[in-house]
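*Asks:* Numbers 87 to 155, taken from this note's numbering, label the letters of the sequence shown in order.
Warning: the hint list may mix true and false statements.
Simulated DEER-style distance windows between Cβ atoms [to be verified]:
no., residue 1, residue 2, range
1, S148, T117, 50 to 56 Å
2, W128, V98, 43 to 49 Å
3, V118, R97, 54 to 60 Å
4, A108, E143, 37 to 43 Å
5, V91, L113, 30 to 36 Å
Derived by calculation from the structure, the hints in this document are not laboratory data.
All residues carry an ideal CB built from backbone N, CA and C; glycine is no exception.
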Amino acid sequence: MGARVPEGYHRVRGHVRRNPRARAGKLGGWTVAGLVAGVWLWGQVFGFDGAAATVEEAPQPSVSVSAGR
Numbered sequence: 087m088g089a090r091v092p093e094g095y096h097r098v099r100g101h102v103r104r105n106p107r108a109r110a111g112k113l114g115g116w117t118v119a120g121l122v123a124g125v126w127l128w129g130q131v132f133g134f135d136g137a138a139a140t141v142e143e144a145p146q147p148s149v150s151v152s153a154g155r
């Protein structure tokens, strides 16, 4: 029937093709883009109040020339 098919390959309609690889554990480009968009939308809707909590200080008056008169 022909030459033997090497390890990791299979025969399809008279052609030798490589076996498909397992894609477990990999994130595709669209998945990563969707996750980034989800985080961005979460920040737009609910905000990141806990992450960026800043304490505003009371303004300190500055000395000017017209204040002493």
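*Asks:* Using the Cβ atoms, figure out if A108 sits within 37 to 43 Å of E143.
*Replies:* violated (56 Å)
*Asks:* Determine whether the Cβ-Cβ distance between V91 and L113 falls within the hinted range of 30 to 36 Å.
*Replies:* Holds, since V91 and L113 (Cβ atoms, about 32 Å apart) stay within the stated range.
*Asks:* How does the Cβ-Cβ distance of S148 and T117 compare with 50 to 56 Å: does it lie in that range?
*Replies:* Because 53 Å falls inside the window, the suggested range holds.
*Asks:* W128 and V98, beta-carbon distance inside 43 to 49 Å?
*Replies:* holds (45 Å)
*Asks:* Please check whether V118 and R97 have a Cβ separation lying inside 54 to 60 Å.
*Replies:* Since V118 and R97 have Cβ atoms about 36 Å apart, the given range 54 to 60 Å is violated.
In the structure shown, a violation is registered for the earlier hints numbered 3 and 4, in ascending order.
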